[in-house]
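Number of protein chains: 2
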Amino acid sequence: MATDVVILGSTGSIGTQTLEVIEDLEASDQEKFNIIGLGCGTNTDLLVRQINRFHPDTVSVKSSQEKQIVSRKITEEVEIKTGPEGLNKLARMTDSGTVVNALVGFVGLEPTLEAIDNSSRLLLANKESLVVGGPLVYRKLNDSETSLIPIDSEHNAIFQALETGEENEVERLVITASGGPFLSTPLDRIEVASPEEALDHPNWDMGSRITCDSASMVNKGLEVIEAHWLFDLPYEKISAVVHPQSVIHSLVQFRDGSMIGELGEPDMKVPIQYALTYPRRLKNNYDRTDLVNLAKLEFKELEEERYPAFKVVVEAGKSGGNRPAAVNGADEELIDEFLAENIRFGGIARGLELVLEDLEPVENPTLEDLKSTDAWARKKARSLVKEKIIGDR
Amino acid sequence: MATDVVILGSTGSIGTQTLEVIEDLEASDQEKFNIIGLGCGTNTDLLVRQINRFHPDTVSVKSSQEKQIVSRKITEEVEIKTGPEGLNKLARMTDSGTVVNALVGFVGLEPTLEAIDNSSRLLLANKESLVVGGPLVYRKLNDSETSLIPIDSEHNAIFQALETGEENEVERLVITASGGPFLSTPLDRIEVASPEEALDHPNWDMGSRITCDSASMVNKGLEVIEAHWLFDLPYEKISAVVHPQSVIHSLVQFRDGSMIGELGEPDMKVPIQYALTYPRRLKNNYDRTDLVNLAKLEFKELEEERYPAFKVVVEAGKSGGNRPAAVNGADEELIDEFLAENIRFGGIARGLELVLEDLEPVENPTLEDLKSTDAWARKKARSLVKEKIIGDR
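Line by line, the protein sequences give chains A and B.
For the first sequence, position 333 matches number 333 in the working numbering, and the numbering has no gaps at all.
For the second sequence, position 282 matches number 282 in the working numbering, and the numbering has no gaps at all.
Quick caveat, the hints were computed from the structure, so don't treat them as lab data.
A couple of the hints might just be wrong.
Which copy? The list can't say, so a pair holds if one copy fits it or any two copies do.
Claimed, not checked - The calculated DSS-like cross-link candidates involving lysine-lysine, where the alpha carbons are at most 30 Å apart (straight line), are:
#1 K318 - K283
#2 K300 - K283
#3 K269 - K237
#4 K32 - K237
#5 K283 - K237
Bound-form chain A, shown alone:
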């Protein structure tokens, strides 16, 4: 029997790789999928190719402008929705199927909430769903039959390792971090690093926000918050360690002294496939890790002076409420300002701190509260730049 699948963010990196995994599993006759919905933003060319290849019932695009382009280019009969409502509709349309939420940004939170109770499995690549909306998502998930499986490599590794024990047997999660491009850069050089330097990630080929976030370790701070919600563990039990080779994707230290880790190539198709077919592991031909020809694996402390934004983010997570939403929104804007060369790299961490200082805290935010916080934090971050409070280059 084929599994119904909806992919939100189908034209992005995770979305296209999910479709490749699905094609591979079908080509090897191991599994059947029925792509019933695809959601994207403005990449209409790719969406049209995906429609012709996968024949979804419904798609969603950013606005009526993209809708017109798509409807002109296709011969298939497809319902075309638009905007956030279109994505929410897609998230609700599989009853016992799988929703893959590979949207980027805050826009991914509502579809996550919609998919809960309306799917049997939700594969989550959208960071903001948990970073910003953790309490909302988990309140809903606790009363639901829907199971949530993370597909970023760190949390997927922890999810796998947790198969060998129970959550109450966990002593500590160890999230690994490559250390990014500034692992060995003198601290005063990081402060004034260029966008080119920040975007030069050693191991993974990713989008520019996540690559910048790897350089500042905002990314790792957000992953700590995600892990807190995903695995229902207090922050004291979640740590991050620098592992420049990125071979061990993350580890779980159990209370009996055993530590279980998942290792592999930097290939997102592996966690995507695992999440799609869990608990089964089906065969594929993706690259295998050749232990003998690896560089030596090393681990280093995550230095707070080198990555000051990490602590800011984790503290926002610990304090909770609408603080992670503020950090997340502000960070996106600050990265844009940095990439536009309006602020120094060091301005990102300083900007996050200043945004949090001015934030009006809301301890049990609703979705509307979180939207307001997000908007406020973005505006605040921009104003810090405009008013030259965090200085230009």
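Chain A is already provided as a structure; the job is to place chain B on it using the hints.
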């Protein structure tokens, strides 16, 4: 409810550590055990202390000589058995409890066979049970409710990693090997290495046979054979890799591209506790792995020229029948000859080859056949030395 436990080899390294784990778990009020039987050889002093501390119903010692010593020294009412029959009796005495087989050598095979069907769980540290008696053990185990859990660090690591998948999803087991003391020794120096050099193991503190076997990698060859039987996998799916830091105790490469490994300190109490309380992981205070202060982890090919005995042993496993029994028996004698400085270190591998060449193969050996093979191989190995066929120092 307390679990009935019988420990065979209670005065050895694994036996005493098992009792320490049991004391620790009881002291922390996490678990109760009832030590009903203890078996050992000649260490009567320690056995007497164990009797006074754990009050077993039955013990077994090597012979009537040790029985006399023990009965004179104790005031407790304990049944004292002797010899192989005593160990077999102990192996049968727990009906729904746990038997820990930490005997060293061929003598451990019969109690393993006796414990199957007469215990709910058999913790196996006795290598020979599977290396020599694999087919017999598994024939009996397949029709039994008894579950077998390995407690050496490599197989226990694989056992843990396999919790994240099914055996038919395994692409390859990767057994790690420290490389022993001769990891970087020039090949011609290994050939003539002294017992002191062979006994200088970098990571683990073990008995002298197993330490010598680590130097020659006979140990790792035997572990490949054990893994074949334990995890019901063909030899093509079992590999060994040198990992000098011994931090990753072993790994499983699954067919979906994920590799799961267990990491930890070189402390046998961790796998012993896991096996005793499986599938639960209880809390302990044993040392934790401090990733940040580790040496860099490296992996090297297991070079056949450096460790010629490895291939001899694995080939004996692949060919099966009574060949592993011959290798195992001969190896023990050759190590004695080496430690007595009657042969060179290089004579061990050569001796194993010559014993196998002369062996009369039995393809489906009975227990009696295996005993004959063991006796024949020992005699043959001694004669190779006596007749100076493998040369003296």
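We went through each hint and held it up to the structure:
1. K318 - K283: between (40 Å within a copy, 26 Å between copies)
2. K300 - K283: between (34 Å within a copy, 27 Å between copies)
3. K269 - K237: both (28 Å within a copy, 23 Å between copies)
4. K32 - K237: Result: close only across copies, 28 Å inter versus 39 Å intra.
5. K283 - K237: Intra 34 Å, inter 15 Å, cutoff 30 Å: inter-copy only.
When held up to the earlier numbered hints, the structure conflicts with none and fits them all.
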